[in-house]
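Novice: Quick mapping for you: the protein sequence lines, in order, are chains A and B. The opening position of the first sequence corresponds to residue 16 in my numbering, with each subsequent residue numbered one higher. The opening position of the second sequence corresponds to residue 16 in my numbering, with each subsequent residue numbered one higher.
Hints are computed from structural coordinates only; laboratory data are not their basis. Be careful, since some hints might not be right.
Output of the computed footprint for chain B on chain A, the stretches with three or more beta carbons under 8 Å from beta carbons of chain B [stated by the list, open to error]: (1) 109 to 119; (2) 156 to 168; (3) 224 to 230; (4) 242 to 254; (5) 275 to 281.
Positions of the beta carbon are idealized from the N, C-alpha and C atoms, including for glycine.
There are 2 protein chains.
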Amino acid sequence: MYKVVIDTKGADKGVGTIIRGVKGALEKIEGLAVLLVGDEADILSECQANELDMERVEILNATEEVTNYDSPVTALFQKRDSSLVKAMEALSKRDDLCGFVGAGNTGALIACATKYLSGKERVRPALSAVLPSIGGGFTCLVDTGATIDCDANMLLHFGKIGSAFMKKMYGISNPRVGLLSNGAEETKGNKVVKEAHQLLKNEEGLNFVGNFEGSNALGGGCDVLVCDGFAGNQVLKVTEGTAKRIITDVVKYAKKTGSEEIMKLVGYLMSIYDIGSLGGGIVLGVEKPVVKAHGACDEKAILSTIKIVLNMAQNKEVFEGEDAINGEN
Amino acid sequence: MYKVVIDTKGADKGVGTIIRGVKGALEKIEGLAVLLVGDEADILSECQANELDMERVEILNATEEVTNYDSPVTALFQKRDSSLVKAMEALSKRDDLCGFVGAGNTGALIACATKYLSGKERVRPALSAVLPSIGGGFTCLVDTGATIDCDANMLLHFGKIGSAFMKKMYGISNPRVGLLSNGAEETKGNKVVKEAHQLLKNEEGLNFVGNFEGSNALGGGCDVLVCDGFAGNQVLKVTEGTAKRIITDVVKYAKKTGSEEIMKLVGYLMSIYDIGSLGGGIVLGVEKPVVKAHGACDEKAILSTIKIVLNMAQNKEVFEGEDAINGEN
Numbered sequence: 016m017y018k019v020v021i022d023t024k025g026a027d028k029g030v031g032t033i034i035r036g037v038k039g040a041l042e043k044i045e046g047l048a049v050l051l052v053g054d055e056a057d058i059l060s061e062c063q064a065n066e067l068d069m070e071r072v073e074i075l076n077a078t079e080e081v082t083n084y085d086s087p088v089t090a091l092f093q094k095r096d097s098s099l100v101k102a103m104e105a106l107s108k109r110d111d112l113c114g115f116v117g118a119g120n121t122g123a124l125i126a127c128a129t130k131y132l133s134g135k136e137r138v139r140p141a142l143s144a145v146l147p148s149i150g151g152g153f154t155c156l157v158d159t160g161a162t163i164d165c166d167a168n169m170l171l172h173f174g175k176i177g178s179a180f181m182k183k184m185y186g187i188s189n190p191r192v193g194l195l196s197n198g199a200e201e202t203k204g205n206k207v208v209k210e211a212h213q214l215l216k217n218e219e220g221l222n223f224v225g226n227f228e229g230s231n232a233l234g235g236g237c238d239v240l241v242c243d244g245f246a247g248n249q250v251l252k253v254t255e256g257t258a259k260r261i262i263t264d265v266v267k268y269a270k271k272t273g274s275e276e277i278m279k280l281v282g283y284l285m286s287i288y289d290i291g292s293l294g295g296g297i298v299l300g301v302e303k304p305v306v307k308a309h310g311a312c313d314e315k316a317i318l319s320t321i322k323i324v325l326n327m328a329q330n331k332e333v334f335e336g337e338d339a340i341n342g343e344n
Numbered sequence: 016m017y018k019v020v021i022d023t024k025g026a027d028k029g030v031g032t033i034i035r036g037v038k039g040a041l042e043k044i045e046g047l048a049v050l051l052v053g054d055e056a057d058i059l060s061e062c063q064a065n066e067l068d069m070e071r072v073e074i075l076n077a078t079e080e081v082t083n084y085d086s087p088v089t090a091l092f093q094k095r096d097s098s099l100v101k102a103m104e105a106l107s108k109r110d111d112l113c114g115f116v117g118a119g120n121t122g123a124l125i126a127c128a129t130k131y132l133s134g135k136e137r138v139r140p141a142l143s144a145v146l147p148s149i150g151g152g153f154t155c156l157v158d159t160g161a162t163i164d165c166d167a168n169m170l171l172h173f174g175k176i177g178s179a180f181m182k183k184m185y186g187i188s189n190p191r192v193g194l195l196s197n198g199a200e201e202t203k204g205n206k207v208v209k210e211a212h213q214l215l216k217n218e219e220g221l222n223f224v225g226n227f228e229g230s231n232a233l234g235g236g237c238d239v240l241v242c243d244g245f246a247g248n249q250v251l252k253v254t255e256g257t258a259k260r261i262i263t264d265v266v267k268y269a270k271k272t273g274s275e276e277i278m279k280l281v282g283y284l285m286s287i288y289d290i291g292s293l294g295g296g297i298v299l300g301v302e303k304p305v306v307k308a309h310g311a312c313d314e315k316a317i318l319s320t321i322k323i324v325l326n327m328a329q330n331k332e333v334f335e336g337e338d339a340i341n342g343e344n
């Protein structure tokens with residue numbers, strides 16, 4: 016039995032969306048149980064309305080909510096009875112809980128993960144997104160927004176934890192690590208990127224393959240793409256925005272022409288480029304799987320996020336765990 | 016008669032591509048003449064092979080070439096007989112030349128533009144791209160790669176010259192200026208972006224409309240989008256890379272299904288998203304129009320780049336010029 020902690024607060028579409036996503040997961044995944052954290056009355060009422068199997072549901076009441084306007088510090092120190100803090104605390108203390116899913120404030124999530132799950136080393140965790148690359152593989156983009164101002168050592172750290180993650184989770188024996196820059200040449204980049212290039216190049220045991228431009232970010236040339244949280248956020252959101260925009264254009268064109276062929280194409284494109292449903296951000300550098308769903312997530316996204324957590328929890332067991340997520344190669 | 020200076024060096028596909036692009040422009044645009052700068056023998060031979068109207072062609076011989084591996088300083092001080100330096104020098108000295116087109120090293124181009132064309136103020140020029148936004152308008156992205164490490168004052172300057180450009184060139188009376196960040200809230204951003212937000216907000220005469228995320232970069236919510244050259248380069252290239260990738264997927268799908276409807280759709284999408292053919296980067300903050308074509312440009316891109324220069328030169332005359340490009344609102 017795998018039990019996942021779910022923060023029921025913070026989704027743009029409300030607690031009902033989260034509960035319906037959980038219902039889908041309970042129906043589809045045998046051996047799954049959940050700890051739902053949030054307003055107990057709201058949770059109960061949604062569970063009843065959606066007819067959840069309550070034998071696999073535990074509820075933990077939390078009287079406060081971390082909003083997108085709260086700073087990470089506010090969340091950690093002034094909202095100790097929030098669903099986020101209580102969920103993370105439970106995950107760190109209870110051995111029966113295998114991972115976390117939430118859709119709320121990213122900065123607060125990272126701060127809580129650092130406090131409760133960063134282990135002895137206390138290195139700041141990173142947020143990553145695993146995106147489909149050209150050629151059918153996946154690229155782990157790290158960081159996508161946990162640390163906005165980075166120094167070169169942080170970028171080196173991202174390379175290490177990203178590499179460890181792709182090794183353990185995707186079975187890639189020697190992951191190729193790339194660095195996002197404004198040109199493929201070693202001399203290209205802002206100050207921090209240029210310095211990070213040298214650190215990554217000289218790091219033993221890391222398969223550093225050089226700089227990648229934005230146009231090749233998901234070109235399949237690397238398994239891990241290192242960048243600061245500001246640039247990574249741009250890569251993720253510009254990819255998403257452009258894909259959404261083009262698909263919208265195709266839908267309009269299909270409606271105008273009435274072509275069924277083109278409507279089928281839309282379905283095909285959505286299955287590849289509906290990045291939201293890939294499950295949002297995976298927190299790297301923590302002791303248990305923590306996955307953030309998009310704020311704008313729907314039920315399907317919650318289901319796929321839970322699946323990612325389970326997949327990570329199962330892999331973590333396979334790989335013993337002692338060097339799994341913490342960056343040692 | 017409008018005479019445009021063309022650097023014939025620096026295009027990935029060689030001097031022939033440039034000359035064929037010029038031939039197309041001379042045929043399509045009445046009243047256009049060109050000064051071609053580069054290896055005289057090469058230019059002459061390509062002009063003959065492509066049967067250019069030599070009455071509208073002047074050639075300026077240059078024995079050196081600035082490559083993508085040269086630093087801006089090398090280009091300026093050690094390659095004084097390069098096509099780039101000679102072209103810029105001619106543009107700054109001769110009143111009969113109205114603007115510049117080139118496809119070579121961006122950093123060197125900006126350095127030369129600063130030396131020869133930044134006027135009394137000597138403020139570093141910026142590189143911008145004018146991209147089609149959702150809803151049919153255009154967004155001027157600035158900077159897209161001229162200055163990789165920026166401080167907050169530079170970002171304010173980009174807002175001002177971008178706003179002046181969209182006012183003069185696109186006739187927008189009060190251009191909306193946005194700031195690229197990792198969240199719409201005022202508190203989001205890296206250190207420089209947060210500081211720039213306050214400067215932009217407090218700048219009188221500037222219609223600052225707040226932060227934009229990457230997903231809304233081209234959403235039509237602003238006419239000018241301010242960012243440092245590193246982030247701007249990502250927005251430009253990730254948009255381009257994603258569009259190219261999706262269109263490739265659509266082409267594959269069309270071939271697999273044999274659908275003519277979908278092949279027509281490909282043509283439609285290419286007409287919107289073939290960013291390369293939009294003409295590359297426009298240098299803002301200089302005394303005469305300077306436009307950079309993509310290194311990978313084809314003949315069509317050279318033609319459209321020349322058109323942009325002419326359009327700018329004509330508008331500059333209409334608007335008298337004294338406050339046209341230099342950022343005064």
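Novice: Run every hint past the structure and note whether it holds.
Specialist: Hint-by-hint comparison with the structure:
no., hint, in the structure
1, 109 to 119, "violated (count 0)"
2, 156 to 168, "holds (count 3)"
3, 224 to 230, "holds (count 3)"
4, 242 to 254, "holds (count 11)"
5, 275 to 281, "holds (count 3)"
Hint violations for this structure: number 1 only, all remaining hints satisfied.
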